[in-house]
Amino acid sequence: MTELAVTNTELHDGIPSTLVTRGLLAITPIGLCAGVVLSHLVSSNLLLSLMTQAVIGAILSTGVGVLYRQNGVVSFGHAAFYGSAAYIVGLATRHGVASIEATIILALVLPTLAAFLLGLVIVRVPGTAFAMLTIAIGQALFEFANKARDITGGDEGFRIEFPATIFGTPTSVFQKPGTMFLLCWAVLVLILCALHVFSRSPFGRLTVAIRENQERAQFIGYTTLIPRAMTYALSALIGAVAGVLAMLYNGFVSPDSLHVSVSSDALIMAVIGGLKFVWGPAAGAVVFFFVKEIAGDVTEHWPAILGIIVIVTSLWLRGGLAGALTSAAGFLRHRLSGTEP
Amino acid sequence: MIVHILNGLVYGGLLYIVAVGLVLVFGLRQVPNFAHGSLFMLGAYIGLSTLMVSNFWLGMLVGALVLAFLGGLLDRFVFRPLQDEDHVVTMLVTFGILLVVGDLVQTVWGKDFRSMPTPPILSGTVELFGRMFPTYRLMVILVAAIVALGLTLWLRYSRIGLFVRASSADPQTTAAQGVDTDSVSMIVVAVGTALAGVSGMIAGPLLVLSPSMGSFILMESFIVVVVGGLGSFSGAFVAALLIGQINNFSVVYLPWMSTMIPFLLMVVVLIWRPTGLAGGRA
Amino acid sequence: MTMGAIEGVDLTRAFGGFTALKSVSISIPEGEIRGLIGPNGAGKSTLIDVLSGRAIKWSGQVKLFGEDVSSLSPARRRCVGLARSFQRTNIFPDLTVIDQLDIAARRAEQPNVSEILRELDLKRHAKRRAADISYGDQRRLDLGLALIGRPRVLLLDEPAAGLTVQESMDLAALLRDLATRWRVTVLLVEHDMDVVFGICDRLTVLHLGRVLAEGTPDEVKRIPEVITAYLGDAA
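Protein chains in written order, with this note's numbering: chain A, 1 to 341; chain B, 1 to 282; chain C, 1 to 235.
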């Protein structure tokens, strides 16, 4: 596994390690501010709504990316966590089981826990079979949601009645494009920072080592099952976060959120953006939504365009968009400072 | 009841014919071809267009030839160059092809549903067990049986068949034997994709043609291939028939679970034996 | 009889109709460097695999300082002081040298990364990707991963494989030196007879899955059956 593998220098995203921690402390507020600026620059609610969806998509695809970066396996079924989280909140609220805040926490905890337990079993399965397994699990859940009308409301889905405030914030904040975009953007930035820190932590490095050479990792004293299952759970948690945000924004739950097309879209975003980098999938989400919505107005052939980008990226531009940008930035930096790259 | 079972056999038989091409490619290249469903769909649409100007049988032939050609290209430019790399890459590329072909079909033939007429010779009904049963459906069962038989004979007695079996069991050693693996692989993949196209044509009169039929059949094929043992033909045969019957009966007895069962089966099989029911390698 | 640092008792391993090890027993006292030699296919790597926990279907017992470790996973065996290196270099290609030694060190009671880098002459490569260093350096890294934490028992599977004559001699001297200073018990599989005769205290000869002979190098090389077994298979 050479081309798509993560190298140590890529863990540092091409930037010298000494600058990273300081850089992170600087970049996070900048990133957050950028979101604020963006939301003020864009006045069209339609565009803001689209951007909100793009950010939610970015979060989901980041979850897919984490799984690949740390475990070396591809998930074609991440919608399972996305949709489950939405359904948990929806169903719990519909039956008045608990407060909305509690159900949101539950919607994050349950899929993560389930993923960990499931992971203990399925991370042992080799790559190709694992991919197909994720498809099967995702589709099984989809079919269940689709058909079990009495429990899930069937293929039509259902609306969620929100209370006036959620975590002390007026519910309208979650439903208006302008404010919701800011919120989702903040969540995305925080997740990316957290993942960056995680990937450099001992545990993060361990999972990369296990991914590179599971056998030797065992022979230097590590049980590999639990770290891998934990990584799977982490990627599920991120997917669940995206699902909760989507549900809060849309106020609606349906089996569509569990469909394999949601999973495959997330995977496309991750591949196009670059699986090597923490922020790759998020970049890919931007490209994806741009192609789908904006180019989609000009031409109907956006699926083919995306397909071609996926092919080209998988074959030749392994680093994806993030990789291309990083290389360009590195090149520029060296040119400007007059040093050798 | 009999009709139920027969219909189950029809569906199972159809699934088998569709899945066989996937098994061929998987056994040889150890990668699931995500474009398989799209190729199936392409075969149906190409066949339909040809049928409009001539007949069903020519449609099937043209579809088979075009798909065989595409299969050769696929092997030469995707599978072969990527064979030493992480399988994920190949999976992703075939997935990209799925998207492109899907768009192609929609562009050329439009989004509307199309229907394919049954060939005149087979459009009647036959009396079976005191009931009338469509001839065409009966033919599907027969074709599935013939394909199964033909494939078994081919695998057992032909040199290419030997190669396929050897490759499925031990790719490295087979490649080292000095057989011109590249040419033979290309032929086998071409046969696999041709079968996908032919199965599309056969399914034409039974299903509605739409740009989404590719994804649907891809799921079904995956289920069959996985449950049957990734790379096993006999396993795929059993799995296809099994799923055909489950499909029918579960709709009657467990309607809310019926569509979920095949996927759960897939999950169970993949966990219990990542190489599938019939054994082999993952 | 004194307890051995590492012992294999009545080890048998058969797969696919072929029996790789037939009731092999071996006992190595603490601090000894034992050479494991024999013609190709004798079962040497298999024995290392069984002792290190890599093999799955086998019968018999493996004991470490008297404790039965037969049911322990490779990871657990490593944690109780049984380490091994690999014939085909088994490192983490994309991690830097120092990073992978760090990861190994985190499992050790004595994280001695600097010591390993120094002793194995890998200091200049510390920040380089393992895939980018020379083959000889990679072999030493493979060894280094096993030496982290100063294991009590070290199983080495052809550590000199692919090395030049000079590199092999240097490695042999290094092994002897470290084993003596750190009181490591070593079981060494090697085809390079200069290495074997240079540093081993005693030898065990395997042939067709059985122990053919045991003794000091001088004793063993005079045994007729050993010479016969090796005819046509000279290192």
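Treat each hint with caution, since some may be false.
Pairwise CB distance ranges (calculated) [claimed, not checked]:
{"no.": "1", "chain 1": "A", "residue 1": "Trp316", "chain 2": "C", "residue 2": "Arg128", "range": "24 to 32 Å"}
{"no.": "2", "chain 1": "A", "residue 1": "Thr28", "chain 2": "C", "residue 2": "Ser59", "range": "26 to 34 Å"}
{"no.": "3", "chain 1": "A", "residue 1": "Ser327", "chain 2": "C", "residue 2": "Lys123", "range": "28 to 36 Å"}
{"no.": "4", "chain 1": "B", "residue 1": "Phe69", "chain 2": "A", "residue 2": "Thr28", "range": "31 to 39 Å"}
{"no.": "5", "chain 1": "C", "residue 1": "Ser134", "chain 2": "A", "residue 2": "Pro202", "range": "42 to 50 Å"}
Heads up, simulated DSS-like pairs for lysine-lysine below, C-alpha to C-alpha not over 30 Å straight-line [as the list claims (entries may be wrong)]:
{"no.": "6", "chain 1": "A", "residue 1": "Lys147", "chain 2": "B", "residue 2": "Lys111"}
{"no.": "7", "chain 1": "C", "residue 1": "Lys63", "chain 2": "C", "residue 2": "Lys22"}
{"no.": "8", "chain 1": "B", "residue 1": "Lys111", "chain 2": "A", "residue 2": "Lys176"}
One-sided and incomplete, this derived list gives chain A residues near chain B with beta-carbon spacing under 7 Å [stated by the list, open to error]:
{"no.": "9", "residue": "Thr128"}
{"no.": "10", "residue": "Gly157"}
{"no.": "11", "residue": "Ala295"}
{"no.": "12", "residue": "Val298"}
{"no.": "13", "residue": "His301"}
Calculated from the structure, these hints are not laboratory results. All residues carry an ideal CB built from backbone N, CA and C; glycine is no exception.
Problem set entry | Hints not upheld, ascending by number | Those not satisfied are hints 2, 4, 5, 8, 10, 11 and 12.
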